[in-house]
Amino acid sequence: MKQITAVNDFVVRFANVNGTGSASANTLFAKTIFRMGIPVTPKNIFPSNIQGLPTWYEVRISEKGYLGRRDGVDVMVSVNPQSMRQDVDAVKPGGYFVYDSTKPLRADFFRDDLHYIGVPMTELCMQVFSDARKIQLFKNIVYVGALAVLLDMDVAVLRDTIAAQFKGKDKLIEANYQALDLGMNYIREHYEYPIGLRLETRDLVGDKIIVDGNTACALGALYGGATVAAWYPITPSTSIMDAFEKYALKHRLDPTGRKKFAIIQAEDELSSIGMVIGAAWNGARAFTSTSGPGVSLMSEFLGLAYFAEIPVVLVNVQRGGPSTGMPTRTQQADILSSAYASHGDTRHVLLFPDTPKECFDFTADAFDLADRLQTPIFVMTDLDLGMNDHMSEPFDWHDARPYDRGKVLTAEDLDNVEQWGRYLDVDGDGIPYRTIPGTHAKKGSYFTRGTSHDEFARYTESSDAYVRNVDRLLVKWDTAKNITPAPELYQDGKRSPFGMLFFGTTTASALEAKDELEADGLILDAIRLRACPFDETVEVFIHGHESIFVVEQNRDAQMRSLLINEMNINPAKLIPVLNYDGMPITADYIAQSIRTHFA
Amino acid sequence: MSYILPPFRHPDLPTNELGFARKDYEGALSTLCAGCGHDSISSAIIQACYEMNIEPHRLAKLSGIGCSSKTPAYFLGNSHGFNSVHGRMPSVATGANLANRQLLYLGVSGDGDSASIGIGQFVHAIRRNLNIVYIVMNNGCYGLTKGQDSATADAGSVSKKGHANPFTAINMTALAIEMGANFVARSFSGDKHQLIPLIKAAMNHPGFALIDVVSPCVTFNNNVGSTKSYDFVREHKEATSEFDFVPEHDEITADYAEGSSLDVAMHDGSIIHLSKVAKGWDPRNRFSALSALNNAEQRGEILTGLLFVHPEGRDLHSVFHTVEAPLNSLQEKDLCPGKGVLAQINDSFR
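Those protein sequences? They're chains W and H, same order as listed. Counting in my numbering, the first sequence runs from 12 upward without gaps. Counting in my numbering, the second sequence runs from 12 upward without gaps.
Treat the hints with care, since some could be wrong.
[Stated by the list, open to error] Chain W residues, not near chain H, derived (Cβ > 10 Å throughout):
1) D218
2) L230
3) M286
4) G441
5) R460
6) F545
[As the list claims (entries may be wrong)] Okay, the calculated beta carbon distance ranges per label pair:
7) H409(W) <-> D358(H): 16 to 24 Å
8) H409(W) <-> G280(H): 47 to 55 Å
9) G349(H) <-> Q93(W): 45 to 53 Å
10) I282(H) <-> K454(W): 35 to 43 Å
11) D358(H) <-> D503(W): 33 to 41 Å
[Said to hold, decoys possible] Quick list of in silico lysine-lysine cross-link-like pairs, DSS-like style, CA-CA up to 25 Å:
12) K203(H) <-> K248(H)
13) K257(W) <-> K34(H)
14) K454(W) <-> K172(H)
15) K584(W) <-> K505(W)
16) K248(H) <-> K271(W)
17) K271(W) <-> K178(W)
18) K350(H) <-> K271(W)
19) K270(W) <-> K34(H)
20) K290(H) <-> K261(W)
Calculated from the structure, these hints are not laboratory results. It should be emphasised that the depicted structure is a prediction, and the values quoted were computed from it without experimental measurement. We put the beta carbon where it would ideally sit given N, CA and C, even for glycine.
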């Protein structure tokens, strides 16, 4: 029978029941590989449920450093009877099926092109642990032990990782070691090992870290000086506020234990964005985190923030829509609803990070950008980036970095200024000067409103004043092009008449597809968007290529529409490559789609 | 009311302790209808701030959408103001208050704004004991859209078009008491004598302070059959007590009638003095206040005055245990943990 063989290049998928403690065992497996110096990318595929439904954890190991999701499973660890049928079917021919053999596997689950490795995980645990919860928990560690021997993992690293994970809880560490031994010994006694797939220690990780994007955004907000965080719980953004609170409690207390921050769980997203607007208007750095349905609710307020020119930072961790959609699956499907959130002529600045490092940087930068541009800034991540661990460059900060609060007048400035108008464009960049309530006893007060206003914040129904105002906002939009993160180009000059364009979590798979196609002789130039509005580089790239494949994760080619709408582009030039099944896009899918176009 | 403001003001106008004249608390000219109750409330706000020696720039005024929410443009022209979106002033005020706990916040709303789309934010601001003076200019109808019933219109109240409102009214004061507000009052725009001290006491209360002010809409809801017309309110309002507010540093000079008076000491030593207190009612008791409101409603009376007061309570900042300094005043050194800490955080992800 065929047997898949590879070193440091395969996919392991765990099929579990959610709420059974499998997450920490699965993370342990991935983290150990990372610590062995091998590039790894784990992805959680989970239900919108607390306990009892199927959940999967997929680990891709790639010596070449490809961090996107890959189609096909080489090793399945299946401990969930509910999903076993589909789990058996998901494994590639010649692959391996590791299962709990406490009860015999159903006859019809046997395929003649798979290698079956039964480990009586429950039975082994029952011999050692007494209560049901422990049996359930340590069963997960038993399969990690089994895999360690089957894949020839570095057991010392594995044990260290356990010790680090449960630091200070010696009893728990001991119990984990015990469970680990159960799995390892069982394989050693019953099977030939290692199997055709092996892990070999490498030095390919360097000083990288492995962390989820939501934690990175939270740290970006902490470092960026956010003091007011208003939010409403929604998957997949919730862990941003969990992390923000965790780190703020550690690093933002005064010596007496009082908080230099306020986190408020609002009654809904209508309110959370209102709180952010109120706090930002009053001079605090404030942010919210949400997902598509939250942005829909916030839309009216976002229009006010755009028109009244209030700095707002909003992290949108996108999920599958429309409506409640697929709340635990990933998409990049809020591009248009975020870019143009609210009625009337409204447009917003969007940032598109692609790694945790950029989640950190862009969230911190978003506070500077919001203050400088006096407008909402959206940090556009998604469930894949936000909730899954990703290998990333480490976070960095320069201690001398000041917070750029933009054009805010102090009491002294107000004493010296001859003429001040809240909406008066003095510098020609479309950005006026603002004042914070309470600054000066006699000067600088004004009435903030969503109704039409003149340069001096006075209510007006004058057509001329209205047009002057909204046209100035376009000047500001142009200013934003020069201070938002520039796109990344992946070649010097032009190598091909064809290009590919992508952003965010599509990046890893797109770059892998690019390599794959190049190996076939099809060269593509590539650009990664990092912000909207689009700067000149994007325009030059698009105009400089015959056709551009726009790769994104939604049905309606929303980024393509945004590009067409924002720049003067012939739509025929932009060829959509779309994945919208809720699973992270794969390189094979992208490469295949592009090949089909040339066929 | 639109008219041309005389450009000349007498140079020897009296000033308050801070040296501000009453005109320093005025705003732009009102564009509301002549005789609108809201203008009287604006005037009472101006007078209260003048008498309370408020520094105009230390007060922020916020509102939602509607006739009432336009009024912050017509008073306190030297204060920052924020006219937000419909029903959502409470959230903006919450954020503003979190950013700077040292300013005085005045929220102005109407019955359309607070009792319909805004009712969620209204009750949640109360739950959190947001430190704000919250004035509802309550006329039972939508003026800007030409006279539709609002959610505070009494059942049976007849609109200008001649229809009797078939739905139950939301009583903002009872709702606020029920939700845990510690300062709840009702007044009438035509009763300056009562309204001004109420506003002063509310500004002194360290938490959520509601003043529901019945404020007739002269254009759409001042007709016979309306329970929010000037005539009806004058005939049916029943004061729970005479009311006076004595700031902490003032001597008590007024003579109060013996017997039925009651003093409530505020957190800072100022005193709320109530006299001619209605029988069988204790404004310090939540249930007594609710019961009095309920009884008055049965009798068709509009109970006014300070309905409930509990001068204690932790506001949002106390609950959150935030630092004394305004959060908006904190700088890089206060907020950023720095490169060294980040290196440790990085290590925790390896």
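Okay, the hints, checked on the actual structure:
no., hint, in the structure
1, D218, "8 Å, violated"
2, L230, "7 Å, violated"
3, M286, "4 Å, violated"
4, G441, "22 Å, holds"
5, R460, "4 Å, violated"
6, F545, "30 Å, holds"
7, H409(W) <-> D358(H): 16 to 24 Å, "19 Å, holds"
8, H409(W) <-> G280(H): 47 to 55 Å, "50 Å, holds"
9, G349(H) <-> Q93(W): 45 to 53 Å, "48 Å, holds"
10, I282(H) <-> K454(W): 35 to 43 Å, "36 Å, holds"
11, D358(H) <-> D503(W): 33 to 41 Å, "36 Å, holds"
12, K203(H) <-> K248(H), "14 Å, holds"
13, K257(W) <-> K34(H), "50 Å, violated"
14, K454(W) <-> K172(H), "47 Å, violated"
15, K584(W) <-> K505(W), "17 Å, holds"
16, K248(H) <-> K271(W), "47 Å, violated"
17, K271(W) <-> K178(W), "29 Å, violated"
18, K350(H) <-> K271(W), "19 Å, holds"
19, K270(W) <-> K34(H), "40 Å, violated"
20, K290(H) <-> K261(W), "55 Å, violated"
Hint check: violations occur at hints 1, 2, 3, 5, 13, 14, 16, 17, 19, 20; the rest are consistent with the structure.
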